[in-house]
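*Asks:* As a plain string of letters, each chain reads:
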Amino acid sequence: MLEIEIDGKQLQVPDGSTVMEAASKVGAYVPHFCYHKKLSIAANCRMCLVQVEKAPKPLPACATPVTDGMKVWTHSEQAVKAQKGVMEFLLINHPLDCPICDQGGECQLQDLSVGYGGGQSRYQEEKRVVGNKDLGPLVATDMTRCINCTRCVRFTSEIAGLMELGQAFRGEHAEIMPFVEKTVDSELSGNIIDLCPVGALTSKPFRFGARAWEMSRRKSISPHDSLGSNLIVQVKNDVVKRVLPLENETLNECWLSDKDRFSYESLNCEDRLTRPMVKQGGQWVETDWQSAIEYVAHALKSIKSEHGADSIGALASPHSTIEELYLLQKLIRGLESGNVDFRLRQSDFSADGRMSGIPWLGMRVSEISTLDRLLVIGSFFRKDHPMVAQRVRQSARGGLKVFAVNPAFDDWQMPISKEVCVPPNEMVAALARIAKAIAEETGQALSDGLRKLCLQVTVDDDALVVAKGLVSGRSVSVWLGNLAIQHQHSSRIHALAQEIARLSKGVLGVLGEAANSVGGYVAGAVPFNQERSGKNVVEMLTSSLKAYVLAGVEPDLDIADGVSALKALGDAELVAVLSPFKSKSLLDVADVLLPIAPFTETAGVFVNCEGRAQSFFPVVKCAGDSRPGWKILRVLGAALELDGFDFDRIEDVRMEVLGEGDELHSAVKFNNDIAIGEFSLPAITSGIQRIADIPIYSADVLVRRSLPLQATKDAEMPCGRMSNATLELLGLRSGIMVRVTSTKGQVVVRLEEDNGVSDGCVRLAGAHHSTVALGGLHGSVSVEAV
Amino acid sequence: MNSQGIILSGLDGDRTWRLADYIKRDGYKALKKIVSEKIPADQIIAEVKKSALRGRGGAGFPTGLKWSFMPRAFPGAKYLACNSDEGEPGTFKDRDILRFNPHSVIEGMIIAGYAMGCERGYNYIHGEIFEVYERFEDALQEAREAGLLGVNILGSDFSFDLFAHHGYGAYICGEETALLESIEGKKGQPRFKPPFPASFGLYGKPTTINNTETFASIPFIIREGGDQFLALGKPNNGGTKLFSVSGHVNKPGNYEISLGTPFSTLLEMAGGMRGGRNLKAVIPGGSSAPVLPGSVMMDCTMDYDSISKAGSMLGSGAVIVMDETTCMVKALERLSYFYFEESCGQCTPCREGTGWLYRVIHRIENGLGRPDDLDLLNSVTANIMGRTICALGDAASMPVQSFVNHFGEEFAFHIEHKKCLVPIELQREGSKIYVA
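Quick note, the sequences are listed as chains A and B, same order. Going by my numbering, the first sequence opens with residue 217, and the numbers climb by one from there. Going by my numbering, the second sequence opens with residue 3, and the numbers climb by one from there.
Next comes chain A alone, as it looks inside the complex:
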């Protein structure tokens, strides 16, 4: 510890602290622009100059390390003179046009100029003009306002991982710009808007939408990925104008992914459902709530009496609130059916009933920084989990060694010690090799169920590298990504991951794809381990139920096999849909559309991947006649004369699901272990294997409708990606159009070379209207030139 005196206040700070950190500890504000606690020190704005005893000239607080016995004055005459001098320089070329600047009212330069700027400029010459840059559909530029603090430059290279911005040219001509003809395409790009201390980088979708002081700030939780980023939703006149991060060091830190930030643009889109609608004689008619509810209740009752309760099933989006999920399963079970599921993109359910608890990350998100070895299995990590990947990236640049087993890789923008790239149907074998290698390396015995399986594989170099890497760690984790969970051999992959974790003294974790991937289990929205079990999503769709209740689901895009889903729903007698949006497929297959509120208009809870139950409140009124999902389900339960639906408040529902407890609900049994039964290696099928990623801006109903997100590079039309070797094998070449045919259907897509894809495979995105016809996310396909 070092002694330091700042503005006459004594304190102790740890070795290696800077004067800036020490000053903030005693509450002494040092003006600054380029300094940001999460970025490297640049010391280029020079605004934080302070007086230091024995130093002949003022020193920048952000970059000056504390030495023992140091005396610092942050507001002495020398310090303030220096700060005012810098402010004058910053302002001479900065346009003084705050009234027409979108940053006005929330601008660091504007704020500090009040304290440090002069009333009149001594600079009489012409001001610098800098051309604007096209950074893509999310970030607007006014580069003349730029003060070259390079926060955005440092963010893209340090946090987002890819250097997409730089400072070109020299001196007064220095400009921040992207590479020639390139935009900023990171999935975290929106953060540079927050980081920009002036109005140079502002939000393109929000631009000129409102002034900072006109909006109220309301807390919320992101409904997208499994992290549950904390949000500040800014509202004006009951309309969501913008979303900003709410700092939470344990989850999203001070960042947001672009989907968390810009998905609000979909809230009031054309597709928004604002009135209950019933299909009569093939025509949609708007109706009132009472009629709609009575219609559904009546239909469910008659189907139950005619075909039995087992002919009724419910499918819920994993982005639903825990209250919606809970009431939906309660309603279905109240009707004496057990057919309820929320794991819509999963295809292997053989682990159901063999789980010891609720699958989760196996650790707290904040503990990621303590890991020194990580094996990620089956994940498009950077796009599926932008914020978790960001944390791992920071660690990977320190001491964390990352390994991955995947059928296809894209650039994770972090150092990866070993990428094991194998076709989907060889993942089980690849993991078995790793498990075997670890067992041999450490002299441990394999679990009974796996011994036979591992006899069938021979350890190769890749497996050995991963094995040696993992066993040399002190804090090891093995994570199953979305692709692993959606995989057709998911339970075998899970069992082997569990074995690898056990043998390497590590922890098994499941990343989870959606805001309530954990919460769905907590709410019991699964067809097993409950008083009344039933069919899972695949069984429900293949056994032609008579009635389906959908909550927040777009069947063609949210369910793995959209073709079967549309077919089953089309054949049913009743399809009642609770959804904030309509879509063509919903209008086709549904009989009743009940408009429910999206996350901004309802209260609810999301249980994130670390098991944290985060509640949120509505930030705006419900649009039109739409109502919170939990209320509709409660009324529907009452209309069906079911017991236990007399909730007055959402807190009562919550209490029934979660009970008393803190955010982490330690009473809930989180456990990733599954009972490992004996199993064999999957057969190696012939034909080209399809690998389906779920594009980041196709994953859920909100992002699919956000126009700015849809204009990004990540939302471009999916193409078939193949390695060079595969292309040669098939006699195809990059750039041509090909027909991809599966057992369910065919699509025509453009082909592109991508050597991150394992040989013998084609990577073709799922959850996209252009590929729905293929049905299912996996399996053999044929690819031929059109």
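In case anyone wonders, no lab produced these hints; they're calculated from the structure. Among the hints, erroneous ones may be present.
The calculated BS3-like cross-link candidates involving lysine-lysine, where the alpha carbons are at most 25 Å apart (straight line), are [what the hints assert, rightly or not]:
1. K195/B to K254/A
2. K188/B to K253/A
3. K195/B to K287/A
4. K520/A to K751/A
5. K195/B to K300/A
6. K40/B to K26/B
7. K343/A to K332/B
8. K751/A to K885/A
9. K188/B to K398/A
10. K34/B to K51/B
11. K189/B to K254/A
12. K254/A to K188/B
13. K195/B to K241/A
14. K517/A to K495/A
15. K398/A to K189/B
16. K189/B to K253/A
17. K273/A to K311/B
18. K273/A to K195/B
19. K798/A to K457/A
20. K287/A to K270/A
21. K195/B to K253/A
22. K51/B to K31/B
23. K270/A to K311/B
24. K270/A to K225/A
None of the values given here were measured: they were computed from a predicted structure.
The hints should help you fit chain B onto chain A, whose structure is shown.
*Replies:* Just chain B now, with coordinates in the frame of chain A:
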């Protein structure tokens, strides 16, 4: 090339840059002595300290002391860098050293590598003198072929390799940390210090950076002893030094003289004032050193301490001589433009301030000056100096302050009368000499 001394002496022959010629001039003797006698590193550094050799790049920091900052027991790579990014207006000495005596630099760097335990060195050569870079590459090749560079030098267990690296002509890359950034392939921008290169330098490893002339002086010090070198100069100002004399003299060029030689002697060596005119002002150490009136200069000796006492800096030894036909406002305008153009743009005071200074001086020169402009110049320079990441801010400010300080009446005249104090006819007369 009109001097004797230790670096330029013996360079009157043909193809003096070849290895054979250098060996004839006792070249690589020092290196051979070190590796054959296995002289301990400490002893070499002590010898350099004894010589009172001070950095020839401009700052004049004692070289031996700098070398002793390198961590001894550091595990892993340590680097050596030679700063040949000679970009200061008025300076042209390193170019000639590399052009005519490149092996002296190579030998100096090998010895430095030996003394500091570096296995690898880089010579960063100014990008606008490409033929010098090519000649240096040739010299490196000769040295490698002769077993003087590379693995197991001269059969010893000491290995050292040296690489030439050319810049692209940015002045800022002469700042040592910007130079390191540039070698690393990044945009040449100075780093904030601390940490200093001795602990966190090239690729994050301990690094020592010296000027070309500094390295070129090393072989003599090791061969003949630090005392011998010191005796060539005066206490605390050991050895000889190259001075690049330019401006209004009859024989501009590089002159190697003992430190402590009177300025008047140097001026004489350079052939005296052009056309016998009166000396008006001298910038004694490159364009960033404060200008001194001729009369002050005539009382100075050419060494670090004397020039510093007179209120300027010996700097890189670029002596810019100006006679009475010079308009000081115009001269400063040109200098200010240079710093405006060469500021790297990283930190605020320099990025914004150098342009401001230039514009104010430009408008004074063009008859648009305002009464309070001199106060403004003083205030702006005060706001730049000491507030920037590197010394370029100071370098841009010092000429302005000194010009206004010593020749204030010319600036005041310009502002008041919208024309030069030095009659335009006289200025034209002065520049006639260059009309060929």
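*Asks:* Decide, hint by hint, whether the structure agrees.
*Replies:* Each hint, compared with the structure:
1. A threshold of 25 Å between alpha carbons decides the hint, and for K195/B with K254/A the separation of about 20 Å falls inside it, so the pair holds.
2. For the hint linking K188/B to K253/A, the alpha-carbon distance of about 24 Å falls within 25 Å, and the restraint holds.
3. A distance of roughly 19 Å separates the Cα atoms of K195/B and K287/A; the hinted pair therefore holds under the 25 Å criterion.
4. Only pairs whose Cα atoms come within 25 Å are accepted, and K520/A paired with K751/A is accepted, the gap being roughly 16 Å.
5. The straight-line distance between the Cα atoms of K195/B and K300/A is roughly 23 Å, inside the 25 Å bound, and the hint therefore holds.
6. Distance check on the hinted pair: K40/B and K26/B sit about 23 Å apart at the alpha-carbon level, within 25 Å; holds.
7. A hinted pair counts as satisfied when its Cα atoms are at most 25 Å apart, and K343/A with K332/B qualifies at roughly 24 Å.
8. The straight-line distance between the Cα atoms of K751/A and K885/A is roughly 23 Å, inside the 25 Å bound, and the hint therefore holds.
9. Of the pairs offered as hints, the one joining K188/B and K398/A holds, with about 20 Å between alpha carbons and a cut-off of 25 Å not exceeded.
10. At roughly 21 Å between alpha-carbon atoms, K34/B and K51/B fall within 25 Å of each other, so this suggested pair holds.
11. Between K189/B and K254/A, the direct Cα distance comes to roughly 23 Å. Compliance with the 25 Å bound is thereby established for this hinted pair.
12. Between K254/A and K188/B the alpha-carbon distance is near 22 Å, which keeps this suggested pair within the 25 Å criterion.
13. Our distance criterion of 25 Å between C-alpha atoms is met by K195/B and K241/A, whose separation comes to about 24 Å.
14. Of the pairs offered as hints, the one joining K517/A and K495/A holds, with about 18 Å between alpha carbons and a cut-off of 25 Å not exceeded.
15. For the proposed pair K398/A and K189/B, the alpha carbon gap of about 19 Å is at most 25 Å, so the pair holds.
16. Straight-line distance between C-alpha atoms of K189/B and K253/A comes to about 24 Å, which keeps the hinted pair within the 25 Å bound.
17. In summary, the hint linking K273/A to K311/B is supported, as the alpha carbons are separated by about 21 Å, within the 25 Å threshold.
18. As the CA atoms of K273/A and K195/B are separated by approximately 14 Å, the hinted pair is consistent with the 25 Å bound.
19. With a CA separation close to 22 Å, the supplied pair K798/A and K457/A stays within the 25 Å bound.
20. Distance restraint check for K287/A and K270/A: the Cα-Cα separation of roughly 9 Å lies within the 25 Å cut-off, and the hinted pair is therefore satisfied.
21. Our distance criterion of 25 Å between C-alpha atoms is met by K195/B and K253/A, whose separation comes to about 19 Å.
22. For the suggested pair K51/B and K31/B, the alpha carbons sit about 20 Å apart, so the restraint of at most 25 Å is met.
23. Simply put, K270/A and K311/B have alpha-carbon atoms about 23 Å apart, close enough for the 25 Å limit, and the pair holds.
24. With a CA separation close to 18 Å, the supplied pair K270/A and K225/A stays within the 25 Å bound.
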